[in-house]
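Q: The residues making up each chain are set out below.
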Amino acid sequence: MQLRDYILRRLLVLPILIIGVSIVVFTLTRVGGSPIGIYLSHEMTPSEVAEIQARFGLDQPVWVQYLQWAKGILQGDFGYSGVAAAPVSDIFPLKLAATMELAVAAGCVALFLGITLGTFAGARRNKLPDHITRIVAVSGASLPQFWFGILLLIVFWAQLGIAPIGRSDATIFASIAHPTGLYTIDAILAGSLTAFWDAVWHLILPALTLGYGATAIIARMMRSALVEELQQDYVDAARAKGLAEKIVLKRHARRNALVPTVTVIGLTFGFLLQGTITIEIIYRWPGLGRWMADSVLRGDQGTLMTYVLFTSVLFLLVNLIVDVVYANLDRRVTLGK
Amino acid sequence: MLDATQASKNVASVRDLKVHFQSKRGVVHAVDGVSFDIRDGETLGLVGETGCGKSVTGRSFLRLLPVPPGILAGGVVSFRPHGPCAVCEGAGCADCTNTGRRASGDQPIDLLSISSENMRRIRGDRIAMIFQDPGKALNPTLTIGAQMSEVFLQHRSAELLERASLPPDTSGAVRRFAAQEPRFGDGLILKFPPKRGQRAKLQVALNQMVTEALAETQVPNPVKLMDRFPHELSGGMRQRVMIAQALACNPDLLIADEPTTALDVTVEARILELIRALQQRRKTSVLYISHDLSLVRRICDRVAVMYAGRIVEIGTTEDVFANPRHPYTRGLMAAVPTAGTARGKLAAIRGTVPELVDPPSACRFAGRCPYETAACRRNDPSLLPVAGDHSVACFIDHPTGSQVAPSFERVTE
Amino acid sequence: MSEITDSNFDKTAVRDTAFRVRMRRFFGVLQRLTSNPTTVVGLVLIALMLAMAIFAPWITEANTPDAYQMPRDWGAVRKPPGTPGHWLGTTNEGGDVFYGVIWGSRTSLQLSLYVVGSTMVIGTIIGSVAGLVGGWVDEVLMRIVDVFLSIPELIFALAIAAVLGPSFTNIIIALAMVIWVKYARIMRAQVIQIKQNDYVDAARVIGDSKLNIYLKDILPNAVTPVTVQATLDMGNVVLIGATLSFIGLSEAGIAEWGVLVSEGQAGIASGRWWASTFPGLMIFLWALAFNLVGDGLRDALDPRIEGR
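Protein chains in written order, with our numbering: chain A, 1 to 337; chain B, 1 to 413; chain C, 1 to 308.
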């Protein structure tokens, strides 16, 4: 059937795209000057330079270099991070956990607020809640996240002194084990309420900042989808059955409005992913984003390229899943008409 | 006690109904003074072209009008829900053929002025509606079973509890679930053992009721159907589901808004048959809205012809079709090509429907009517009886028995 | 009626009427645009910021030798807003925040114009080629576009700017390399869609050259979505560009909003909020203005919408 063909087609194209991305990334590593620049110095003789070059395989033709690099990646060799003074593969999981925690928290905020706001606005079209939601939506799309974060810090951290910076209080953090790397989960697993509260307390401001823009995206989509659904016959049919307006709104209109809203999830994910970079810088969150920003400033491009490859693959996968889920849901709607 | 004249009582009476719509061009008088009765157990056809106000009239019975642009500008829609059968007190017996009508009192109520809570009690229970396109009128993301269950949960929760053998003083969460009034933590409560079992019993009872309702519409394999989604069904099946849903609680009045327009002709015949059969068995009154004259002729006892927001002619189907008295009705019938119509000549009524914003105080058919006089352009005729049950809104008295097609301007197409 | 031949068929007359129709539509769109209050707000904001950028040298005296370097007044360091001569306060190094705000609009204008201008041209050409030529050329070009779209915008621009080295010019280049794909995609879709229209066939029948058809028939009709995207991008580019500057990929000490926000962070702990707040506010307003106008433009150009 069509759905199966669609999934198949997307799955076949996926590896091609990933290879394409890897080529782009590899090209970038070679563009930025010699990748072994850190090992060279002016005092070396040409033969010494040539020797080092040969050691790193830089005397090979370009496409061979690419294959070697790709092979390395697939075998888990992601290079060395100058910033962290350790192999990338060692540091990556910890940083990833920190970023994931932040992104998921922000995503939950965005999902909850976005759907609620969107439903609220869509049901009261052109009245006050609708206008407010529109303003929130447009400002969310135009707001520089880093500026928003700084503003919040100015108010809640500098002036009022009630919000913390960073991910945790060092002593509390050290007091529990970290099997998952996700502070909140670890705290639950360790049964420590103080640790859990510490984790959440540090999460609030960054998650809100990061989630605000995403809220706008979701709210906007939800609102227009809901307005669309409320004009459908089945909504009237539900009312004709004597159902309370609240149920009509939730079980009928909103449920169906969530279907097109799914398409926005891919976009939201990309938004959250990219937002973590600046948010982590501002809030001194020890995640991937800040690590990358530091690497950029120190000229450690190899690590950066691994990050680019990783996020692109993630981005592609998430979009694929979202598209497939949507195609499945959409069938119910379009085939029914 | 069974009243001797009960057979001739009306289940609903519309008096001077006016529904207007706010639009950019002004206030549109979509329904402008409509009056008619629907008798007990009859099928009344409401015909007219698109935009004449028939859908709006039908929806007024359930107050399903979008209120910001829509304005209920006046009139009364009085509805007399049936009391329980005197012989069995609503328990079901041969006399009332087990329709088990529940008591909502025998007094007529004005549907336009009751509270919205009461309106909701009546919707789906005493008055039901089936819609034009079943593909669009069913929720695409809910299973058939889930959607149909809603009607029972809303109106038959006491019976539901009984069937599930749950005592009437069952805990709040379960009772609220059975009546579709969930409170905040209910979802969680119902997941845990004692409540969970009760909920399961309810679900079984629900499924039973849904299956029974579906079986009435001769749907093959109702049990399997319940887990399907609307998009997996054919058009005819979907309409059967709609009908099953509408008739689930034995309503006294069924509003059918062009139920077969979106269906194939062959399916249409079956659906019409089904509606007719169910209606006769349960003694439901039906308001059948359509633009298709030939259809209405087949299944309706009486017919009302609507034009530009008014009823221009009403009478028994036989009468109206044999002796159409209003020039519009005549034009409609002449416009339907029959086997005997000469090739190349289609009769159309000249002119177009008047703008319903600020309608003039003349007859609305003036300017299109071949018989019009000066009086027609100055005054608005009201619906008056001309022969027995037959009423017309026209100043001119057309002779009866005319078998010759009226002399409308023939437009060669 | 006399026969229509190649010689007596007046192509220019047809083109002339087409032109007049387009002018009428253009003014219709303009009118719908100005009737929407939020769009008007956006337009006003854009006008203000444009004025700020154009008249910068007259609003505040240009710094020597390089106007785009923040002036350093070591005598008036870390002053709050309201200090005479420094209405919005000064930074850690005595830079005038007001100066940064005003001259920052110039840099933003340059950034957005260069990026959007170049990407529009590049993207349009590539997209048109893909759509017109079709075949394997189309396939190859679109695969490249797909690959570029697989990498999240900011991260891609970040990577490119990082390998090129921190500088304002490199940010422009990086952004251009990331954004052109959007225009290529839009243009290609438009070309393919319009190619199928009858009036293109009509033009071919009367013997118009392919280039002519492209320029006079296809291009003007494809202009709509490209314009909307370009307007939105004018705002978006400054947003991403400022983010890159904030991360540190621009030059230190220049009058650019992102850089100013970044440099102003240091003072926050001590309660000096103004150095980051005002430049950041400008970024917000700039993006907001173009988003409002872009949305309004999209609505105004959509023939289906007849009012909310």
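Don't take each hint at face value.
[What the hints assert, rightly or not] With a Cα cut of at most 25 angstroms, we get these calculated BS3-like pairs of lysine-lysine:
no. : chain 1 : residue 1 : chain 2 : residue 2
1   : B       : Lys201    : B       : Lys9
2   : B       : Lys201    : B       : Lys191
3   : A       : Lys250    : A       : Lys127
4   : B       : Lys24     : A       : Lys250
5   : B       : Lys201    : B       : Lys224
6   : B       : Lys191    : A       : Lys127
7   : A       : Lys250    : B       : Lys9
8   : B       : Lys136    : A       : Lys246
9   : B       : Lys224    : B       : Lys136
10  : B       : Lys9      : A       : Lys246
11  : A       : Lys246    : A       : Lys127
12  : B       : Lys191    : A       : Lys250
Simulated from the structure, these hints should not be mistaken for lab results.
Q: Look at each hint and say if it fits the structure.
A: Against the structure, the hints come out as follows:
no., hint, verdict
1, B:Lys201 <-> B:Lys9, "42 angstroms, violated"
2, B:Lys201 <-> B:Lys191, "13 angstroms, holds"
3, A:Lys250 <-> A:Lys127, "19 angstroms, holds"
4, B:Lys24 <-> A:Lys250, "31 angstroms, violated"
5, B:Lys201 <-> B:Lys224, "19 angstroms, holds"
6, B:Lys191 <-> A:Lys127, "38 angstroms, violated"
7, A:Lys250 <-> B:Lys9, "40 angstroms, violated"
8, B:Lys136 <-> A:Lys246, "21 angstroms, holds"
9, B:Lys224 <-> B:Lys136, "22 angstroms, holds"
10, B:Lys9 <-> A:Lys246, "37 angstroms, violated"
11, A:Lys246 <-> A:Lys127, "18 angstroms, holds"
12, B:Lys191 <-> A:Lys250, "21 angstroms, holds"
Checked against the numbered hints above, the structure breaks hints 1, 4, 6, 7 and 10 and satisfies the rest.
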